[in-house]
Amino acid sequence: MTPPLLEARNLRKVYTKRSGFFSRPDENVALDNFSFTIGGDDPVFIAIAGESGSGKTTLAQMLLGFTRPTSGEVLYRGQNIHHLNADSQKQFRQEVQAVFQDPFAVYNPFYRIDHILHTPIRKFNLASSRKEAENMILEALATVGLRPEDTLGRYPHQLSGGQRQRITVARTLLLRPRLVIADEPVSMVDASLRATILESMYKVHQDYGISFLYITHDLTTAYQVSDSIVILYRGIVAEAGDIEAVIKNPQHPYTQELVNSIPMPSLGQNWIASDDSMGTEAVDNVMHQVSKGCKYATRCPHVMERCRQNQPPLYQVGQGQVAACYLYDETPALTGDNLTDTLHRRPDFRQ
Amino acid sequence: MTKPVLELQDLRVYFNTRRGIVKAADGINLQLYPGERFGLVGESGSGKTTTALAILRMIKPPGRIVGGRVILDNDIDLLSLTDEQMRQVRLKRIAMIPQGAMNSLNPVLRIKEQMILTMRTHGAEGSNGHMLKRVEGLLASVGLQPNVANLYPHELSGGMKQRVCIAMAISMRPQVILADEPTSALDVVVQRRIMQTLRTLQEQLGAAVILVGHDMGLMAQFVDRLGVMYGGKLVEVGTVEEIFTDPKHPYTQLLISSIPSLHRKRNFQTIPGMPLSLHEPPSGCLFHPRCPQAMAHCSQIVPREIEVTPGRKVLCLLYDEELTPAAQREVVDDTAAS
Chain A
701 MTPPLLEARN LRKVYTKRSG FFSRPDENVA LDNFSFTIGG DDPVFIAIAG
751 ESGSGKTTLA QMLLGFTRPT SGEVLYRGQN IHHLNADSQK QFRQEVQAVF
801 QDPFAVYNPF YRIDHILHTP IRKFNLASSR KEAENMILEA LATVGLRPED
851 TLGRYPHQLS GGQRQRITVA RTLLLRPRLV IADEPVSMVD ASLRATILES
901 MYKVHQDYGI SFLYITHDLT TAYQVSDSIV ILYRGIVAEA GDIEAVIKNP
951 QHPYTQELVN SIPMPSLGQN WIASDDSMGT EAVDNVMHQV SKGCKYATRC
1001 PHVMERCRQN QPPLYQVGQG QVAACYLYDE TPALTGDNLT DTLHRRPDFR
1051 Q
Chain B
538 MTKPVLELQD LRVYFNTRRG IVKAADGINL QLYPGERFGL VGESGSGKTT
588 TALAILRMIK PPGRIVGGRV ILDNDIDLLS LTDEQMRQVR LKRIAMIPQG
638 AMNSLNPVLR IKEQMILTMR THGAEGSNGH MLKRVEGLLA SVGLQPNVAN
688 LYPHELSGGM KQRVCIAMAI SMRPQVILAD EPTSALDVVV QRRIMQTLRT
738 LQEQLGAAVI LVGHDMGLMA QFVDRLGVMY GGKLVEVGTV EEIFTDPKHP
788 YTQLLISSIP SLHRKRNFQT IPGMPLSLHE PPSGCLFHPR CPQAMAHCSQ
838 IVPREIEVTP GRKVLCLLYD EELTPAAQRE VVDDTAAS
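First to last, the sequence lines map onto chains A and B.
Per my numbering: the first sequence = residues 701 to 1051.
Per my numbering: the second sequence = residues 538 to 875.
Bound conformation, chain A alone (with noise of 0.2 angstroms):
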């Protein structure tokens, strides 16, 4: 069997700090025992999702080779992605790209449109006259819906913020990856713009059979172009599972607090009515640490004494559905934390 494309093996990232010079170091466990892998046949498009210091950037750090685990490891073909040779390296940087999440940050703004999309063709040796290369990036501009008039020749600085990061998605496709890693890659760009890269991302998925991990803090964006979700909670995978079960069904109560705070475009959903029951303080603070048990447990309205004894296993709630809540110790538990089967589980692909 062939190992696949990417893996993460039990990830855990901690940061420490040191509050004074003589002061106990304080510890930040950024994300703790992430697994799953992502196979290069069956593409895949994978929401991870979750609020500031979930640790979701966390994980596309190291799932890019940018951040060493404290422990654990990424696989890239089998092989450790900080022990690869210069060959497995070029090349994991070709199959793996990134699309971040500042659109007027990754370019020199010196350089035109035109370099910016040459680039890579060089660099990769991707085109064998200058005339294929050109047809290549036209494909591309055509892939993200932009026009080769309104945007070759020019400077960055003259294209929207939805341009910008269209062009770095075709900048992507040039290089025709397995996996796309996208951190946050709609948040900065103005909110009529955002459709236009959402949908340029799923015609690269669907068009080229390219994965996606799209890492957003936005449950409303991740349900239109992901097939399945993961929620992080400080760290921890709270719930994971198909989009539509964990966003329509949601099971662990931290996901059910998030879905039921959107906010929705629509009449009669009664956002605003009153209920705090829960102090604001457990709420407001993200900086409070929770040194063993559920992470959720100060907030949560259904804890249970166990739960801020142990961090509770996820459970299997459903179909491709799990969930990391003792409310459901009656379901068979997820043999090694392992997400693969749980977020691969796509009926269309499979059947």
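One thing to keep in mind: the hints can contain errors.
Counterexamples of contact, computed for chain A against chain B with all Cβ distances above 12 angstroms [said to hold, decoys possible]:
| no. | residue |
| --- | --- |
| 1 | 764 |
| 2 | 810 |
| 3 | 831 |
| 4 | 842 |
| 5 | 853 |
| 6 | 908 |
Distance condition first, Cα-Cα at most 25 angstroms in a straight line; then the derived SDA-like pairs of lysine to any residue [said to hold, decoys possible]:
| no. | chain 1 | residue 1 | chain 2 | residue 2 |
| --- | --- | --- | --- | --- |
| 7 | A | 903 | B | 799 |
| 8 | A | 992 | A | 971 |
| 9 | A | 717 | B | 689 |
| 10 | A | 903 | B | 810 |
Simulated from the structure, these hints should not be mistaken for lab results.
Even glycine gets a Cβ: it sits at the ideal position worked out from N, Cα and C.
Dock chain B against chain A, hints included.
Just chain B, lined up with the frame of chain A:
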């Protein structure tokens, strides 16, 4: 009918830039009634924040208020006040909750110090002990413990800082609260709690709120009436029900149909065309280059405000049954200039 607590009449804010005059807010007419929640939406650069800042006369150069009136309580035109008189209006009668509470608190002052200083600057009197009692009462009203008064801003989370800003905004019991994207940097769970707090306090005070933002979900859940801005103009005003169920302006129609929701997957509908550049505004209606319903004369005539039903205003030629002499004059002016 009740009289508006705040009325904007033909408010215009222009920015002098090297590339010419940018009309950031251009002829805004708006009535805000006591106790109501009004939403101001639009894409970035549409002039919503500029309009809010102009109400408090906080526009900084190169921007300036070039015309119009801002009438508070049917009585005073804020634009005619002296700086000192205006200072007495701020916070006491009109307060602002700024965008990004993270950066609006003074990092070197404890919360109680800055709250007391702010209140004293705007006319509050009393002993320090009395003021501290007031601060603790205000913090309690936004759901914070009294010990927060002794903390510095960096010791608070984003949500707690935003609560402090709300406490400050209501400290002098204002009649109008301007909230400029008060929760845009916060997570949804915190956002909901903060908006609930704001709503409760606003109702207790009977204050009117102008909520500035671009999140249509938040607008649908929080405000009573909505104004839609495009290119420095208020292109449509109506109740939330009217705007969501029967949008009139083609821009509003596209805006409503492009909102992503949890009800429809893969809705990639968007507003066609490039975002507007106010440096080189198109002639006639500013939206005509992107408008699917544009007519031949949309590029020539600047639309005027049409009241389609009482209180329901739209700036679009589709609803203009007769072209006014004023509008026709503008056509002539345009042709003469070109």
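Checked hints:
| no. | hint | in the structure |
| --- | --- | --- |
| 1 | 764 | holds (24 angstroms) |
| 2 | 810 | holds (21 angstroms) |
| 3 | 831 | holds (30 angstroms) |
| 4 | 842 | holds (16 angstroms) |
| 5 | 853 | holds (16 angstroms) |
| 6 | 908 | holds (17 angstroms) |
| 7 | A:903 x B:799 | holds (20 angstroms) |
| 8 | A:992 x A:971 | violated (32 angstroms) |
| 9 | A:717 x B:689 | holds (20 angstroms) |
| 10 | A:903 x B:810 | holds (20 angstroms) |
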